[in-house]
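Peer 1: Those protein sequences? They're chains A and B, same order as listed.
Sequential numbering from 1 applies to the first sequence in this note's numbering.
Sequential numbering from 1 applies to the second sequence in this note's numbering.
By construction, these hints were calculated from the structure, which means they are not laboratory data.
From a predicted model like this one, the values you see are computed outputs, not experimental measurements.
For every residue, glycine included, the Cβ atom is placed at its ideal position computed from N, Cα and C.
Among the clues, some could well be false.
Claimed, not checked - Some chain A residues near chain B, calculated using beta-carbon distances under 7 Å:
| id | residue |
| --- | --- |
| 1 | V19 |
| 2 | A23 |
| 3 | Y26 |
| 4 | Q39 |
| 5 | T146 |
| 6 | R190 |
| 7 | N248 |
| 8 | M251 |
| 9 | T252 |
| 10 | S256 |
| 11 | L257 |
| 12 | E352 |
| 13 | P414 |
| 14 | T418 |
| 15 | G420 |
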Amino acid sequence: MGKTLYEKLWEEHLVVAPVGEPALLYIDLHLVHEVTSPQAFDGLRLNRRPVRRPDLTLATADHNVPTDPLSVPVADPTSKRQLEALDENCREFGITLFARGNENQGIVHVIGPELGATQPGMTIVCGDSHTSTHGAFGSLAFGIGTSEVEHVLATQTLPQQKAKTMAVTLTGAVPAGVGAKDIVLAIVQRLGTGGGAGYVIEYRGQAISELSMEGRMTICNMSIEAGARAGLIGVDETTIDYLKNRPNIDMTKFDSLATNWRNWVSDEDAHFDHEVVIDATTLKPFMTWGTNPAQVVAIDGVVPDPSTFSDPEERATAERSLTYMGLQANTPMREIPVDVVFIGSCTNSRIEDLRAAAAVAKRGRVASSVRALVVPGSHRVKTQAEAEGLDQIFINAGFEWREPGCSMCLGMNPDQLTPGQRSASTSNRNFEGRQGRQGRTHLLSPAVAAATALKGRFATPDEVLA
Amino acid sequence: MKAVSRVTGTAVALRRSDVDTDQIIPSEWLKRVERTGFGQGLFSEWRDDPTFVLNQPEHQGAAILVAGPRFGTGSSREHAVWALMDYGFGAIISSSFGDIFRNNSSKQGLVIVQLSAQLVEELQGIVEQSPHTPVIVDVERLVVEVADFDWIQPFAMDAITQERLLEGWDDIGLTLRQSSAIEQYERTHASHALNSTMQE
Ligand code: SF4
């Protein structure tokens, strides 16, 4: 019987598998950022341990950085201290750091792929749960905690239990106007927030094959929202084309690299522990209505009525969510006004996302009641967008065009919701308070976010493009 | 890591499902570069509410949290574990946990106890009715025990996690004993070293 992609990746990276203990996996790339690393570096210092492979370690400042113009210094003293700690730690341990203002700086899950540091067949970890993003390249990528960050810094390995495998197959092609974000919201809704727990999910099928790398990253990014540790997509020519000429790719060896990369797919006859099939032709533009990413509804739909839920626990959760979100059951989603629109985050801040949003933004102006921000995922994305004139489209339409970083995805920098504000956000988590204390977050795609900004309420692009 | 063989004290029921790590420790707390002091930020958005269960006088000093399903999902922030421990919790009981949270807990010596949803409900009922009743989470025998109520339930834990808790082992130290295997791996596999453009 054949092997799944996950099994192949697992076997390739096995250092030792002592009987009765977790296996030790080798880590090919360790991405580091300011929030989950300071205590890990402290641990190294305390135990007088060096970083084993600085040449396999790459750091960037993203979670905390303000998105103001670079000429404005970091105002918040604790953020500043954390950014300085990253500077000092990288210098002391010999790690490459793309700090605020560096041309390669950006959200860790945006820069890894765009620099070509992320490659098929690798194991990639980062102290951030959305490390699953990199699985779009046929690499085993997952988030770790700070103790594990320290473990990888010290040993370049991680003790791991083998996960179960799940195949999520999207059959058929998505209808026009439906994109990667809609697909993944549908998947998370189907699996629930815990449905992927213990699994590594491989996404397959026509609707996945037809996606660009940007779209595939959006899908793998949100694997964690279904509880899965990692998401995977097998390598094909789309993957290989994307990697061509990336700064960290040795183009003199590209053909042999590509030949090797093509192996990182599941065998035809591979067996998965669990399989889910979703008919992609039935998908629509989706958004979340509640406080977890599985609480999903079509934008055409209405706020669900908890009294119709048969499961008492789900009903209680839904009631709590609606109270927090300040919503009435059965209100059409399209009638709900928003205060803030955020286009950004490692889910949707790549060039293709900005193009999709700009195509809508150029048809109108941001409603006067709305604050709309566009935060590119990286400096490179920002530069590319500016070369294409997207910044001007956004600015002319009344959007703010900002410097790269995580920004309002988690509100650690000054970009935050104020209590009670409602946002339409292209990020990945609608948890209570995620974007600012008492803020109310609805997750959706970049095109829908842009249409919503223009209308001042939830809207699909066709309402603006017509 | 400190060895833990049992956690004893009072328990408190948190009747909410899907308590993610953003709720356990909101992001405004993540800017600290230290490992201590996070207890103040534990559930900080909810603690402003005087009716929140941790604000009740009878639950002060609790050592065990009996939580709803899917506790600790979401972000990988280990700060969630530090906050729970800094506040004084030594064990968390729930019917299911986020994967990364469970992992992080085992590295810090926070005991993760998984019981069926029905048993978790029962225990929540007990501690709500008798907030002062002592509860024991015994890592050696792998049982949760409420002697006053004759309530004793076994739970599962993989042998390695159990051993690590009991011995207080440091994972890095354990792995470094495999140094020669790591070197051997590096000799026999292609390197993915970042190129000179990436290494400034
Ligand atoms: S953009 Fe959001 S989800 Fe992505 S790495 Fe930053 S904080 Fe995490």
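Peer 1: It remains to establish, for every hint, whether it holds in the given structure.
Peer 2: Going down the list of hints, with the structure as the test:
The criterion of a C-beta within 7 Å of any C-beta in chain B is not met by V19 (chain A), whose closest approach is roughly 11 Å, and the hint is violated. Using the Cβ-Cβ criterion of 7 Å, the hint placing A23 (chain A) at the interface with chain B is not satisfied: the shortest such distance is roughly 11 Å. Satisfaction of the interface hint for Y26 (chain A) is found here, the shortest Cβ-Cβ separation to chain B being roughly 5 Å, below the 7 Å cut-off. Annotation: interface hint on Q39 (chain A) holds; nearest CB of chain B at approximately 5 Å, less than 7 Å.
Satisfaction of the interface hint for T146 (chain A) is found here, the shortest Cβ-Cβ separation to chain B being roughly 4 Å, below the 7 Å cut-off. The beta carbon of R190 (chain A) comes no nearer than 16 Å to any beta carbon in chain B, farther than 7 Å, and the hint placing it at the interface is violated. Of the supplied interface hints, the one on N248 (chain A) holds, with its beta-carbon coming within about 5 Å of a beta-carbon of chain B, less than 7 Å. For M251 (chain A), the interface hint is violated, the least distance from its beta-carbon to any beta-carbon of chain B being 11 Å, above 7 Å.
A cut of 7 Å between beta carbons decides the hint on T252 (chain A): the least distance to chain B is about 11 Å, and the hint is violated. Given the 7 Å rule on beta carbons, the hint for S256 (chain A) is violated: about 11 Å separates it from the nearest Cβ of chain B. The interface hint given for L257 (chain A) is violated, since its Cβ lies 10 Å from the closest Cβ of chain B, which is over the 7 Å cut-off. Interface restraint check for E352 (chain A): the shortest CB-CB distance to chain B comes to about 24 Å, outside 7 Å, so the restraint is violated.
The beta carbon of P414 (chain A) comes no nearer than 11 Å to any beta carbon in chain B, farther than 7 Å, and the hint placing it at the interface is violated. With 7 Å as the threshold, the beta carbon of T418 (chain A) stays out of range of chain B, its nearest partner Cβ sitting at about 14 Å, so the hint is violated. The beta carbon of G420 (chain A) comes no nearer than 14 Å to any beta carbon in chain B, farther than 7 Å, and the hint placing it at the interface is violated.
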